[in-house]
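Engineer: The lines below spell out each chain.
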Amino acid sequence: MTAEALIALGLLGITAPAVPGIAVKTKSFLTGRRGPPVLQLYADLAKLIRKGRVYSRTTTPIFRAGPVIALASLIVAALFLPLDGREAPARFAGDLVAFAGLLALARFALVLAGLDTGSSFEGLGASREVTIASFAEPTMFLCFVALVLAAGDLSLSGMFGAPLAAAWPHAGASLSLVGVSLFVLLLAENSRVPVDDPATHLELTMIHEVIVLDHGGPDLALILYGGALKLTLFGVLVVSVLVPRAGLSGLAALALLFAGLGVVALAVGVVESVMARVRLVRVPQLLVGAAALALVATILQLR
Amino acid sequence: MRLLALCAIPLATALVVFAAPAFRGRRVPVALLFVVACAHLALVTSLWVVPPLPTLGGWLAADPLGLTVLTLTSVLFVVTAIYIVGYLRHEAPRSGRVFAGGLLAFLAAASVVALAHHLAMLWVGMEATTLSVAPLVFLRRDRRSLEATWKYLVVSSVGIALALLGTFFLASAQGQGGGDMGRPLLLPDLIAHARELHPAWLRAAFLFLLVGFGTKMGLAPMHTWKPDTYGEAPSLVSGLMSGALTSCAFLGVARVTEVVAAAGLGSFAQPVLIAFGLLSLAVAATFVIGQRDVKRLLAYSSVEHMGLLVLGLGLGGVGAYGSMLHLVNNGLAKGWMFLVAGNIALATGAATAGNRGLIRTLPASATLLVLGLFAVTGSPPFGMFVSEFTILRAAFDGGHPWIAATILMALAVIFVGMAALVLGMVLGEPPAPTGRDPGAVAVRESRWLVAGPVALAAIVLMLGFYIPGPLRDVLTRAAMALGGTGP
Amino acid sequence: MTLVAVGLTLILLAGLAASRETLFRVLLSAGCVAGAIPALAVLSGDTVRDVRLSPAMPFGPWVFGLDALSAVFLLAILSVGAACAFYGLTYLAHERGRRAVGAAHLLLAVLVASLSLAVVARAALPFLIAWEVMAVAAYLLVVLEHERREVRRAGMIYVVATHVGTLLLFALFAIWGGAGGATDLSFQALAAHPPFSAIRGGMILAVALIAFGLKTGAVPFHFWLPEAHAAAPAHVSALMSGVVIKMGIYGLLRTIVLFGAPAPWWGWVVLALGAVSGVLGVVWALAQHDIKRLLAFHSVENVGIIMLGVGAGALGLAYGHPLIAVLGFAGAALHTLNHALFKSLLFLAAGSVIHTTGTREIDHLGGLARPMPATTATFLIGSAAIVGLPPLNGFVSEWVVYQALLRGASAGDALRFAGLAVVVLAFIGALALACFVKVVGVLYLGTPRRALATAPRESAAGMIRPLVALAAACVVIGLVPIAVVPPALRVGSLVAGIPAGTAGLPAAAAAGPATVFTVALALSLFVAWGLYVAFGRRGQPAQSATWGCGYPSPTPRMAYTASSFAAPLLDVFRSFAGVRIHRTAQAFATHAVDPVLDEVLVPAWRGVRSGAAWLRHAQRGGLSQYLLWVGAAVVASLLYLLAVGRNP
Amino acid sequence: MRDAAQIVLLLVVLSDLAILGTSRLSSCIRGLAAQGFLLGLLPVLIAPQLSVHAVSLALGTVIVKAVALPWFLSWAIREAAVRREIEPIVGFIASQLLGALAVALAFAIASRLPLPALQQPLLVPVSLATLIIGFIVLTTRRKALVQVVGYLILENGIYLFGLTQTESVPFLLELGVLLDIFVGVFIMGIVVFHINREFDSLDATRLTELSD
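Chains V, R, H and Y, in that order, give the protein sequences. So for the first sequence, our numbering puts the first residue at 5; every next one is plus one. So for the second sequence, our numbering puts the first residue at 1008; every next one is plus one. So for the third sequence, our numbering puts the first residue at 31; every next one is plus one. So for the fourth sequence, our numbering puts the first residue at 16; every next one is plus one.
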């Protein structure tokens, strides 16, 4: 892994909290409000870091480990993404399985941390989280299958790197479908509208928020930052599929990437302002829809 | 000479026991029984070491088939004799004379059957076995045993009568052959001139002998007497019947099959044998389901195994060897199971589904019963597995996958039925000991009662791992005589 | 080979010495080590000569041998067997006097020995013997607590299922021997005489699939599995779920070794069974709230994953893609070993919970993490492993299977559709995660949902040590794929009939970086935790109650139950979920039904029974009826005689 | 001699039908005795020339079948002191019709069988008829005792067939056969006696306790 790859990674880490900020800003703009500044999340994190910690008596170390493990595994996951559009810091055949595994590990840790409080609200949130995830993950793998078919390589670097650029001309339709379904995944996995409403304040309707109900202070900071990072990673996936950057020089590729992330954030904001959030029982159907898109994308290439 | 002795000694002793008023008690007859049994076994062993010459002008001879059956009978008889010692401590038959005498007479008759090479003599011996056992079935003299005896007597007498007719048919097949056909009804001569025998008569003879001796074997649909009889007779008698008596009957069928095979009429005989075999399997499977009495269960299991025996004959090839091996395994295993059932009946009054948790009350017998369940249903590592597998193999080799499938299905159903009853009795919480039960505690598993079954179990287990050389080639020769091949 | 023999003898001796614990421990561990050494040697590449006994039995000599395939299974058997045996000593200790504990230990030893014998047997007869001894020993162990009615029922179902499987194996070898015309039924001979006709070959493959499927508990042959596992004592369930059901997998793989490349349809069927078993297994697991039944259904799920690997391998063979074949079989073998480790770990941990709380009902428990930290930690590791999370062993094997399927997708011909199975695998993984979040969360976290008779305590060291050992194994394998993947590939190429090391190279190459990754991940997790602790020092954390969203006094009945947790997922699979939902205004509960057992087999058997009862009339009534049957037989045979007489 | 044999054989058939038709135990047994006597005559009549074998066989037959067994059965009746009527399951007329049918059938079958020319033409058909009628008596009569009679008739039928084979079955075995039958019937008699004591009737149809 090269130096600039790490620098790129660092940049990504730094800019991550801005991505949800952009989404929120867009939404408030479209709904005619001023809304919080784009960099609000940085402020929140700074504040939370400084706060003291309060733990429920029912909790065990699992409660504290949750946020840490989640964040750590997300950071490791980031290592597999070719930010410069060519080569990721880490790659091996089948590392896409590792990528998915890391996301799952993060989820596992967070959800258990939530359940550790013993509150039925967390239980409810956990149940919803895993339910949604069990439909999101197959969809993601379906996208991966399509990408493997297009790129003929079993590693993320290969899939998002040069081979993908080469594949666009003949597999364009399929790849754009993949992009769309990855975007839906992004919404679902990061509990955005129409799956979840990050702005809601009614516990019974929450999904992601309710799991972390009892986390506060630095723990919450880790969780919030992790959420932003996860959103960013999915954004990277979407951008890498739709905008192959293998041809460009490292710097240009990065610039394009961050521009793309901005666009994705805007899109998220737009979706949030034009769509209402669907009923929970409908969420699986939404994801099955996304899976159907990815399936079509796959079949287009298996044909 | 030894052959003559084998038949004469038990017969003489039987007559003495019957006649001499001195033997009203039980001790002496039983002691005699034991001695004769051992002597008999010793003689039989000597036959294995030094093969005997035919005697009585060829009427008595020990060929592989006969020797197998004879040995089986002898072994079972000794085991039974040992068992009786323990048995009589708990249940006294009305008259030791009838008891010992009947058993000895049976031994004599069975030896005659096993050694007879003159078919009419074979028949006489066979009828004699039937009659000698009747008083034993009838030992308890209550309504149920009476009914059992009556059914047994009449049905098997009719069957045996048919066999007699069959024998006469065979004689006239020989008579009609024209030319010198050798000495009448003498097995070697029949086989030697088999091809000149009058085919129509030979066919008829085969069918009647099959139905007749099949009745005594307990092939469906002539099996009807079997559950009633085995259910009511004292267990050790049932054991002898299903172990030794049926084997003798099978020997009868095998003899005529030898002739038919030698005459090249196998293609005529095989379908009939297969048909009876499959029917028996089916009937056994049907009646085993939901059976509540172990002894009746074993009776149906015996019907099943008789079916397998004739199936093996019918399938020919390696199947014949399978039948011979199965004959041995089945005889031993059946003796084992009936003796165990006897122990349970002694301890709890009746070996029926009413029992629970025998593993607690009668550990040894219960263990033997469970092992026996797996042995009788042809599970490895018991000997039955090898023979059943051989027969199955014969079915596939002979290109009868459907027959094989039927066999498998029947075996599966029978296993379910047997397991349901046996395991139901063995497992569970034993009922709280009631007032009248302390006797049962006393009955528990005296060494005499367990030794016999254990011995038999050991042999059956051994046959699953190791078939001694002499036995193997005797069985192989027998199979070849039956128109089959070795393994 | 001799070493294996020595090992088995020692194990059996240990069984006989079950009354004296220390002796038992010594002999058993000695035996397991003795058996494991050659297995490891073979896996690391050298070969062992076969042993040929020719006892006086029909069907040729008895051969015993040890190749990579046998070795990997032998390893699983011995390691898990030892763990379960040691655990059992403590687990059954309080039963001494009430039960024949010595017999139980003896049976366990017999079970382990027969399992090992089954995987080294190289001829039909010894294989069948070992197979049935194993089945019977397992049965007797399952019904150890036979005074409970449901245990007897479960035992009955199991023994019938396994015996039917054995009968099918009879058929298998009978057909195969007949096909090749080999009187000698040693595996060598079977392999040397391929069946003549496609039909016979098809029969062999089909019978093998059903027979071994019954043993391995793949849907729809799984019906006996949850019953038996729930009924047995914990360490027995662990051994059964860990290795006994794996013998079905062994059978399938061995069949391929001997049979050669199977027809494509077989591969597709296996793949389909794997997919169905995987998904339904985990869905049904979600529906359970008896911890042992739940774990049992997860065995069905993992068998599904393994069969996905086998199917991919078989298809790779059928369509001539050696790499895919090797990967598929390797993944199957490796996942078999891993599942043996973490599933027995989970069962044993569950056993330690049941041992102290006396209930298997998840919804009655909760908050056990505080009283039983060791159990909780090991169970957590097991859960993460079975879900397939890095850096644990479950991930490694699933990674291999994934590779097989993904490469299948990019293979040109019909095989490419197998790639879609990737989705199924992912779905299984996600559902498994849901299910284990449920289990861990409800069992160990939060608060007790009912007041227990006695306060739960951590189990004795004798039960914890095996847990720790197994957990350690899971972690180690997970951390160093480089150590386990090449041997697995060796097994794979053996099964695929390809010289080792040629076809599997790309995968072997990937093992190195994968190791780097897993280690790095583990390190980063530690580092993160370290940093967190280091920087988290400032200020003592305050204690308070969980925030009830304004509701001050939570009661146990308010805690989220397993039923409620699983409800949203189960709603999605309405009729397949295998649950009956009871919703009242106050309470919500689900109870699981088995679609195959409760809705097909049991009614069918009732039908058979009543049919038989009806046929009983043949045996009613008196003598004249009996005689008429004899007459009927005579008449029938006379008719036959006439028929033949017409056209002899 | 040949015609005498013919007549005797016809008489045998008549005795069969008579037994089927009678309603009284005693006459039934008398019929049996008569049949046994007739059978006793046959060996002598058939045999090409008078031989020790034939005569002794005849004697044995008469002693067993015409004297001993009937006497024993009537003794059993006296002991059992049962009502003298036979209660058939199938009525007398019907069973006699059956018997007639049986005879017809027997002749039909016999005509198909390849028989030696020198033999008695009637011997085989009569034996078959007797056999079948014996079976009818066995199955259609209630009283255990009558069932014994039926069994004996069946046995007689076979005996008749055996006469075609006198030269092939040595005398010793003939005696063995006779002895067996005697002992068999003896045991049956004892059982019948006990049945009567237990159930105080000879009605064998009551013996249906054992069944599945």
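For the record, the hints were derived by calculation from the structure and aren't laboratory data. Wrong hints could be hidden among the right ones.
[To be verified] Covered stretches of chain R, as calculated for chain Y (at least 3 residues, CB under 8 Å): (1) 1117-1129; (2) 1159-1171; (3) 1216-1222; (4) 1248-1262; (5) 1342-1349.
[To be verified] Anything over 12 Å on all C-beta distances counts as not near chain Y; from chain R, calculated: (6) Ala-1026; (7) Val-1037; (8) Arg-1151; (9) Pro-1191; (10) Phe-1275; (11) Ile-1466.
Ideal placement from N, C-alpha and C gives every residue a C-beta, glycine not left out.
Engineer: Are the hints correct? Go through all of them and say.
Structural biologist: Results for each hint:
1. With 3 residues carrying a beta carbon less than 8 Å from a beta carbon of chain Y, the region 1117-1129 of chain R meets the three-residue requirement, and the given coverage holds.
2. Here the region 1159-1171 of chain R counts 6 residues with a CB under 8 Å from a CB of chain Y, which clears the bar of 3, and the coverage holds.
3. Here the region 1216-1222 of chain R counts 0 residues with a CB under 8 Å from a CB of chain Y, which misses the bar of 3, and the coverage is violated.
4. Only residues whose C-beta sits within less than 8 Å of a C-beta in chain Y count toward coverage, and the region 1248-1262 of chain R has 0 of them, not enough to reach three; the restraint is violated.
5. Coverage of a stretch by a chain is defined here by at least three residues with a beta carbon nearer than 8 Å to that chain's beta carbons; for the region 1342-1349 of chain R and chain Y the count is 0, and the condition is violated.
6. Every CB of chain Y lies more than 12 Å from the CB of R/Ala-1026, the least distance being 15 Å, so the non-interface label holds.
7. R/Val-1037, annotated as away from the interface, keeps every beta carbon of chain Y farther than 12 Å; the closest lies near 23 Å.
8. Non-interface call for R/Arg-1151 relative to chain Y: violated, since the shortest CB-CB distance, roughly 6 Å, does not exceed 12 Å.
9. With 12 Å as the threshold on Cβ separation, the claim that R/Pro-1191 sits away from chain Y is violated: the shortest Cβ distance comes to roughly 4 Å.
10. With a minimum CB-CB distance of about 16 Å to chain Y, R/Phe-1275 clears the 12 Å threshold, and the non-interface call stands.
11. Listed as a non-interface residue, R/Ile-1466 keeps its Cβ farther than 12 Å from every Cβ of chain Y; the least gap is roughly 32 Å.
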